[in-house]
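Protein chains in written order, with the UniProt record's numbering: chain A, 1 to 254; chain B, 1 to 304.
A portion of the hints provided could be inaccurate.
[Claimed, not checked] Taking CB as the label site, the calculated pair distances span:
hint: 1; chain 1: B; residue 1: A207; chain 2: A; residue 2: L51; range: 53 to 59 Å
hint: 2; chain 1: B; residue 1: G40; chain 2: A; residue 2: S8; range: 34 to 40 Å
hint: 3; chain 1: B; residue 1: N145; chain 2: A; residue 2: S207; range: 20 to 26 Å
hint: 4; chain 1: A; residue 1: L51; chain 2: B; residue 2: T202; range: 44 to 50 Å
It should be emphasised that the hints constitute simulated quantities derived from the structure, not laboratory data.
Note that the Cβ used here is the ideal one computed from N, Cα and C, for glycine as well.
As a plain string of letters, each chain reads:
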Amino acid sequence: MSRYLTLSALAVLFLYPLVWSGWASLEDPSNYLEMAAFGEGVGTYATNSILVSTMTVAGTLVVSALGGYGFARFDFPGKNVLFLATLAILMVPYATILIPLYVLLGYLGLQNSLVGLSLVFVMFQLPFALFMMRNAFEALPRELEEAALVDGCGTFRAFSSILLKAVRPALITVGLFAFLASWNDFFAPLILLNDGASFTLPVAVVSMTQRTFGAVDYGMLQAGVMVMAIPCLVLFIVLQRHYVRGFMSGALRG
Amino acid sequence: MTLTMTRSGRRAAHGAPSARWRSRRIQGWLYAAPTAVIVGVLFLAPLVLVVWMSLNRWPLLGAPAFNAPDNYTKIADNPLFVDAVLFTLKYTALTTVLLSAVALGLALLVQDRRPGIGFFRTAFFLPGAVGFAAAGLLFYGMLNNDFGPIDPMLQAIGLTSEPVKWIGTPNMALFSTITLVIWRFAGFNMLILLTGLQAIPTEVYEAARSDGANRLQIFTRITLPLLRPTLALMLILSVTGSLLAFDQFFVFTNGGPDNSTVSMVMVVYRDAFFRFDLGGAAALSVVLLVALVGLNTFMMRRLR
Chain A
1 MSRYLTLSAL
11 AVLFLYPLVW
21 SGWASLEDPS
31 NYLEMAAFGE
41 GVGTYATNSI
51 LVSTMTVAGT
61 LVVSALGGYG
71 FARFDFPGKN
81 VLFLATLAIL
91 MVPYATILIP
101 LYVLLGYLGL
111 QNSLVGLSLV
121 FVMFQLPFAL
131 FMMRNAFEAL
141 PRELEEAALV
151 DGCGTFRAFS
161 SILLKAVRPA
171 LITVGLFAFL
181 ASWNDFFAPL
191 ILLNDGASFT
201 LPVAVVSMTQ
211 RTFGAVDYGM
221 LQAGVMVMAI
231 PCLVLFIVLQ
241 RHYVRGFMSG
251 ALRG
Chain B
1 MTLTMTRSGR
11 RAAHGAPSAR
21 WRSRRIQGWL
31 YAAPTAVIVG
41 VLFLAPLVLV
51 VWMSLNRWPL
61 LGAPAFNAPD
71 NYTKIADNPL
81 FVDAVLFTLK
91 YTALTTVLLS
101 AVALGLALLV
111 QDRRPGIGFF
121 RTAFFLPGAV
131 GFAAAGLLFY
141 GMLNNDFGPI
151 DPMLQAIGLT
161 SEPVKWIGTP
171 NMALFSTITL
181 VIWRFAGFNM
191 LILLTGLQAI
201 PTEVYEAARS
211 DGANRLQIFT
221 RITLPLLRPT
231 LALMLILSVT
241 GSLLAFDQFF
251 VFTNGGPDNS
261 TVSMVMVVYR
271 DAFFRFDLGG
281 AAALSVVLLV
291 ALVGLNTFMM
301 RRLR
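Chain B extracted, bound-state conformation (with noise of 0.2 Å):
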């Protein structure tokens, strides 16, 4: 996080009265109260609970009890959980590849101002206002055989000549999830990119330019190092992202076909839900967590 803590407001204090000065403080403690407790009770408590639960047998419903670590232990036991954490990062890397190409692509292309543009980058942004539930449903039924207009269309054309299992296989439904997180997120982080991409001052290309550097060469040499922190946080947004895929799986895949597609926050919700086993759904809650914010750190300290 390179957030930065600015002027803390110390001069208002400085050289005041200190009665003042301390109904400052008091004053100050009021205005920021709401925040305390909204972080403490649905943040902090809940941070500090999933710990407890999970050195708990903690069923859906009756009296939990303490059995630390059996939750822990029996993780390497549990077949779906590991199948979804190979899954969940075979996922990550294929997603976050393509995403950031897209997006990057897409960036390029709007990034000048010209007549007609705002128009297109509001195209390739608006699915991004639809939420992953309405996206996933879309999907789910663009690509159904019987009612859906892909397959007629392939078709039409003899790209295909029998419908397509589009969640069918997994291969298949690991294809077409991406590409509807793609349809869905593409717009989102053109937008992070242009920012970025508009934090370039144009002399830098223009002295290039009359240097005599060609396009290739001002995008490897210009463009990109340039964008580093941008292209960063856009990395940093996907992977944590995808690793903690669940809506795009639940809704349009359902984890199928045969289990194929399960992703790790699946498991969890299964293993809370499905198998009313809470204390084994927060040791797994703890694991992840653990694991992305040591990711988080890690890519935050190397990429930027």
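Chain A with its partners taken away, still in its complex shape (with noise of 0.2 Å):
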């Protein structure tokens, strides 16, 4: 009982934080109208969030399972040396190679671009995504897809229309990983956007705190940190089994 007691009072702890600021945002409703009006209008942000969001779990998925098909049921040369390469993205300090990044996605015509942002995400996923997926392909009975190459369909026939869904499970522990870190990251876009209206959500919900001598308007605020946080405390609720399967499979860092 007593453990009871004491994992309650934690609860309540951790807990407490976002059952305030809910609460404070909530307080007096027109914290929401002032921050749809803030900048260029959180519409535009929110969008803007959306889109990397989305275009960072696309493809994160279609690099990552068209990878682990191949890292899984085919050789070819450079075939270690790239899943190397690609794990040793984790060993570099993820705030390291931003600054070089910025300059490089100027040569590309990526500078403050989502598209840019987006494909930094997906390279930044890739060594869990890319784990994630090869130990999927390579789980599944290799009787499923020579069933199919025997009918004479080809090796991409097979794998779309037979093995994805047989890893889907996978597919989703990479698409929710892939989202929260998108969604939630605060430092790449805030070096590789520089535009008022390219902002995403974190970055422009910070610089609400920073206007110049104006008072920080703090139920505004906390109505900034709710659009932030709901959608990721909602599909974590919905998904958490995939998430956690994200931590048993012992690819997050090996």
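Bring the two chains, given one by one in their own frames, into a single complex with the hints.
Encoded structure:
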């Protein structure tokens, strides 16, 4: 019984800030109206965030599913080098390659671009995603695709019409991690986007605290916190099982 | 990194006619091509570029000019960076110890399946689903002296008599930031530890109990040693994450008061985008990169 008392007290401590923020934002509903009108309008920032997250999730799924299948079932020169190079992304501190990425995206005409930002997110997701997908394809029985290949399907038909369905749980896990990372990230958009109209939600809402000399509107700020947090909280609660599998797979960092 | 290269699909090619074998090699390349492009263009190229940038005077606008090794020699003259190194190390040590302790406590509390335990696991993890920017702003409001609920609460129960300077003094700013980080990451680390705890076979515990071991003995002689690889992973993630801290300080304390909470990555950011010195920022990045890759390799060798 005393264990449940301890657990309950801790749960209150952990949940209280979230509940308080929701309550503080709703105390005066005009907080949401003010926030909606802030800067370029919260609609613009939310749209940018949704675009970036959608492109990141889609890009990560496509690249890691194709790559995972290639690594699980084919042999080709340079395979091990490419796999190790991908995993090396985990070893290199995120923050240290954003400055050269800013310059590089400029060369590619992708500076201040939501597409460029999404591509960078795909790259950061790739080690985890590729590792998850390769393991998922390796775990499938070979008979599954061999039957299709004997029927005269090419490997791509077998991949797209049969194997992809079989690795759906891994795809959901990879997609969920990609969504949370791209929706929440603050540092990459801060560096790679430099025009207010292209800001994602985290950069835009943080800029609410940095208006020169004006007093910070704390109620509006908590409304911004809620707009950012609620999609993640809901998705996490609904897809929790898939999130935990990401941990169990050992793919987190080997 | 303990990821091992497993079966590389060699069997598929074994004994096949060479035309088909060649075709499968080409197909394999095609499937891996998008990965190769992303890794090559967005990871390997910037890795080379950051080194090249660090050897040049590279203004935010305007043409770069070779000036090696100026960007490196001037690091020692950058007082902000030297202070930031010391501060970041202090922050990393404190955060890692406290975060590990809290996460281990939580994991031990929720490790056994019993009624309702799923709710508590979710409750502890939930702050981890919220982004760092959102979490920072949440605490920024919650600890505000006029707007936040914490000061009135503490005064109501008589713990304090006047508003606390949560981010107003260097020590309090550090303490408040660590609280924020623990709130945000304890559940995440708890999940890592749970995967390790659940890998310990129950027979081991039963055997120890039947040998008359008490709870403390079981914890120190069985749980901790068997949890070592998982603890090591958590430690490495926590140390690396803390050494690269940026969001929490940028959003929550804004480096203040008096630059007392400026982390190393914040200096990189300031050099690049406030002093418009991308070459200097690149040199700091290279130093951080080499130090962290070295530290990671060392920790993985020693701890696992």
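Taking the hints in turn, this is what the structure says about them:
Judged by the Cβ atoms, the range 53 to 59 Å given for A207/B and L51/A holds: they are separated by roughly 56 Å. Restraint check, G40/B to S8/A: a C-beta distance of roughly 52 Å breaks the suggested window 34 to 40 Å. With their beta carbons about 23 Å apart, N145/B and S207/A fall inside the hinted range of 20 to 26 Å. Remark: the range hint 44 to 50 Å for L51/A to T202/B is upheld by a beta-carbon distance near 48 Å.
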